[in-house]
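Asker: Keeping the supplied structure of chain B fixed, place chain P upon it in accordance with the hints.
Now for the letters of each chain:
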Amino acid sequence: MQKKIYVLGGAQTDFERNWSKEGKGVIALLKEVIDDGLKNIGLTYDDIIELNKQDKIACFVGNFIAEYYVNQGHLGALLTEVNPAFYGVPSARYEAACASGSVALDAAITKIRAEDYEIALVIGWELMKTVDAKSCGDFLGRAAFYEDEAAGIDFPFPKLFGRLADATITKYNLDEKRYLDNLAKISVTNFANAKRNPNAQTKKWFMNEVQAKTRGTSTNDMIGGKLGISDCSQVTDGAAFVAIASEKFVKENCENNEFPIVKGWGHRVAPMKFDKKMQESKDNAYILPWTRQAVLDAYKRASLNVDDIDFFETHDCFTSSEFAAISAFGITEPGHENEAIENGHIVFDGEKPINPSGGLIGCGHPVGASGVRMFLDLFKQVAGKAEEYQLKKADNGMMLNIGGSATTNYVFIVGKE
Amino acid sequence: MNIKTVTVIGANGTMGCNVAGIFASFGDAKVYMVCRDLEAAKKARIKATMTVKAEAIAKNLIPKTYEDLEECISKSDLIFESVFEDISIKTDVYRKIAKYLQPHTVIGTGTSGLSINELSECFDEKIRPNYMGIHMYNPPYNMTLCEITPSQYTDPDLLKKMKIYLRSVLLRNVEEIKDEPAFMGNRIGFQFINEAMQYAETYKDNGGIDYIDSILGPFTGRTMAPLLTSDFVGLDVHKAIVDNIYNSTKDYAHETFEMPEFAIKLISENRLGRKSGCGLYQAVENSDGTKTINVYDIATGNYRAREKYVFPFAKQMIKELKVGNYMRAFERLTNNHSIEATICIQFLVKYVIYGLVTTKSIGENIYSADNVMATGFNWVPPLAVIDAFGGVNIFKKIASERLANDFLSKIDIDEILRNVPKSNFDYRPFFKAK
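Just so you know, the protein sequences line up as chains B and P, in that order.
Counting in the numbering used here, the first sequence runs from 153 upward without gaps.
Counting in the numbering used here, the second sequence runs from 765 upward without gaps.
One or more hints might be untrue.
[Said to hold, decoys possible] Capping the alpha-carbon separation at 25 Å, the derived lysine to aspartate or glutamate pairs in DMTMM-like fashion look like this:
#1 B/K537 <-> P/D1061
#2 B/K263 <-> B/E404
#3 B/K173 <-> P/E803
[What the hints assert, rightly or not] From the structure, some residues in chain P lie toward chain B, with a derived Cβ separation under 8 Å:
#4 S789
#5 F790
#6 K794
#7 K817
#8 E819
#9 P903
#10 N906
#11 T908
#12 L1181
#13 K1196
[What the hints assert, rightly or not] Examples of chain P residues lying across from chain B (beta carbon under 10 Å, computed):
#14 I786
#15 A820
#16 K823
#17 S852
#18 I853
#19 D856
#20 Y905
#21 A1069
#22 V1087
#23 G1088
#24 N1089
#25 R1192
These are computed hints drawn from the structure, not numbers from a lab.
For glycine and all other residues, C-beta sits at the position ideal for the given N, C-alpha and C.
Pulled out of the complex, with its shape left as it was, chain B reads as follows (with noise of 0.2 Å):
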């Protein structure tokens, strides 16, 4: 990638919270994490200000479908009623279901390549918990062809990626027993690694090995196919925020400039249907050959290839998606997933960690926040700043963030200059 592009930091909220339990809506949420955002990177109101009379800032904006939970769209604009600062600031929101967060951050990226501006303010956000379970259920359904997979069905996601836990059992021919042992352990692997983090929803929540493996009792139901409760992230209210900024701007502003930076980018978009993706790679060795793909493209752009990824935070809304990474990271052979995980390659200490914050499962999944908040945690590792969940060495990291069906894929490269 030609030109520099700075990741300054940000912030996140607390998965835990439920904001329609404290009272509060979306004006709150993205007051708090603006202003903790912005006292991390040193930037106040004012300097928004003065920033954006010379025309060098923008703010971005990730969320997929507020009109329903929240009954609010225009989310671009939304941030002049957070602080009047925003008023002539550019600002829109853009919308990839689950991967809106990284949609976002792309459109930033290339501003700031392009050299429209100097600095931009990447804002993800979601509000889930304002309706029942069902009814949340069915608003993400419109993430997939809605017509053909989700309308009057209950909980559609989980059944999709419950297929694609069949059909990886199809496709590689493997034990079941030992595939779902597996999702068991990747489950465990991320609620393990949520306890470290102090903003990760599930941080006080038990699970282990039996209880992930034993599906289908009370306490673990069936949730979409051969998946449990227990392969699935949670309903979350949250938002992330991260800044980014260019060469010239880190010159003139920041005293510091030791900032990891955006080595490499991919987004690609499989067929929107789950029938068709599989239809699709029936002859390709990866059963999702788009995420692949889009991983590819970012090693190639960044010049890296896996031996030089450090860790990765990736898009496990269930343990069937992360299954699948594995091997489009290319950490194994497509097919070989299982060695990664039964070898403890992926572990908060392994070779290879995934998710050092918890990922979907563990830190939570407030949708149209989690690209945002990956790429937030790729920043805090490589800058150091991970806390009690950073890892010994954080040079590069990967993320992967999908919409829908691993329709949407989006991956970035962050890492040391």
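Answerer: Using the frame of chain B, we list chain P on its own:
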């Protein structure tokens, strides 16, 4: 510390059952659940799995009765005693278990009120070093506070190891508290709740119970208003806690631990709160199956519908909190000179003062009261209240302007607030917009 086997005595009680769940899950320990009869123990076992939402721990939970004490105790690395809060009952249990204890076995009591020193003396000198208070809050799966209290005989090395175990294995928020009545959380919490109850009596002609609860509602930094909390806990339990503190301590807040007459009368009529159908509040079922919560009117002695009080300060605070304007919410409070706003300010200030005084006398450090109130009560912790007011200077100014002289004359506010740090807790999640 390697705790593989635990015996919980009194495992069918609320706390015994919940704590068994914590040991069996996070601790992955084999837990003997000792109850009066096997049926109760079997029921408690299922309940315990539900408290941590994991049936998988059932294999770690073994229903037992007092008949099996010899087997259970002799195999255990830790005994958690959770029997009725009565020294003679506890003494009797201790006498029964003493002969089966291994030299390394730790004995923890879940008492919330009795003296750890006095209880430890039920054992002979050899056993006393292994005995301590391990006080968790209900429900421990959500409330992670664990107050640990050594007696004068407790082995300091063992205490240290237990603290590490509770913190790193059971994921508890551990605070070492001196052996004082009700330890710290209940002392600070029930000072607030009981004084709210006294105010309900004083202001009975303004509405009493629901009037005070509306002044100190969730927008003041808690999930549940204080008198609703008392009703939920049970007036008898409330009384046991405040009587204990009233009888055995003598600080400046002594009189605020005296339970008001009307509440004592309710207890005598077995109107203990939610568990007995009525108390400070009463749930009434409507013809359509829905429930209405009525309130006890102290002035008339009858239950009546709750008033929908509209206090401008509260309405404005809630409006600001809804959109995350915490500073403005507090300005709405402190700029308002109505009697209700004044009561609200006084309660918040007195809570901070009592929290700081208590943490200095029985806590580990200045942050202890914060840890205890946030993780044991889910209330905004004292130091975080100071932050919410806008820092120590503003807090002190408001305190001296809005508190009565007779209160201020009892304390040295400058000394209490000297060098207080910022809280480690973010105050924002605690102040609800309702």
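Asker: Could you run down the list of hints and mark each one as holding or not?
Answerer: Each hint, compared with the structure:
For the given pair, B/K537 sits about 55 Å from P/D1061 by alpha-carbon distance, which is inconsistent with the 25 Å threshold. Our distance criterion of 25 Å between C-alpha atoms is met by B/K263 and B/E404, whose separation comes to about 19 Å. For the hint linking B/K173 to P/E803, the alpha-carbon distance of about 38 Å lies beyond 25 Å, and the restraint is violated. For P/S789, the suggested interface contact is upheld, since its CB lies about 4 Å from the closest CB of chain B, less than 8 Å.
Taking 8 Å as the C-beta cut-off, the interface hint given for P/F790 holds, the closest approach to chain B being about 6 Å. Hint status for P/K794 relative to chain B: violated, with the closest Cβ pair at about 14 Å, above 8 Å. Hint status for P/K817: holds, given a least beta-carbon distance of 5 Å to chain B, under 8 Å. Below 8 Å, beta-carbon pairs count as interface contacts, and P/E819 has one with chain B at about 5 Å; its hint therefore holds.
Below 8 Å, beta-carbon pairs count as interface contacts, and P/P903 has none with chain B, the closest being about 11 Å; its hint is therefore violated. Restraint check, P/N906 versus chain B: the minimum CB separation of about 7 Å is within 8 Å; hint holds. A distance limit of 8 Å between C-beta atoms decides the matter here; for P/T908 the minimum to chain B is near 6 Å, and the interface restraint holds. At a threshold of 8 Å, the smallest CB-CB gap from P/L1181 to chain B is about 25 Å, leaving the interface hint violated.
With its C-beta approaching chain B no nearer than about 5 Å, P/K1196 sits inside the 8 Å limit, and its interface hint holds. Below 10 Å, beta-carbon pairs count as interface contacts, and P/I786 has one with chain B at about 9 Å; its hint therefore holds. Contact between P/A820 and chain B, as hinted, is supported at the beta carbon level, the nearest pair being about 4 Å apart and thus within 10 Å. For the restraint placing P/K823 at the interface with chain B, the shortest Cβ-Cβ distance is roughly 8 Å, inside the 10 Å limit, so the hint holds.
The beta carbon of P/S852 is not positioned within 10 Å of any beta carbon in chain B (closest approach about 36 Å), and the interface hint is therefore violated. Below 10 Å, beta-carbon pairs count as interface contacts, and P/I853 has none with chain B, the closest being about 31 Å; its hint is therefore violated. Against a cut-off of 10 Å between C-beta atoms, the interface hint on P/D856 is violated, since the closest Cβ of chain B lies about 34 Å away. Annotation: P/Y905 was flagged as interfacial toward chain B, and the flag holds, the nearest CB pair being 7 Å apart, inside 10 Å.
Proximity of P/A1069 to chain B is violated relative to the hint, the smallest CB-CB distance being about 23 Å (cut-off 10 Å). Here the hint on P/V1087 is kept, as its CB sits about 4 Å from the closest CB of chain B, short of 10 Å. Against a cut-off of 10 Å between C-beta atoms, the interface hint on P/G1088 holds, since the closest Cβ of chain B lies about 3 Å away. The closest approach between the C-beta of P/N1089 and any C-beta of chain B is roughly 8 Å, which is under the 10 Å cut-off, so the hint is satisfied.
Because the closest C-beta pair between P/R1192 and chain B is about 6 Å apart, less than 10 Å, the hint holds.
In this structure, the earlier hints numbered 1, 3, 6, 9, 12, 17, 18, 19, 21 are contradicted, and the remaining ones agree with it.
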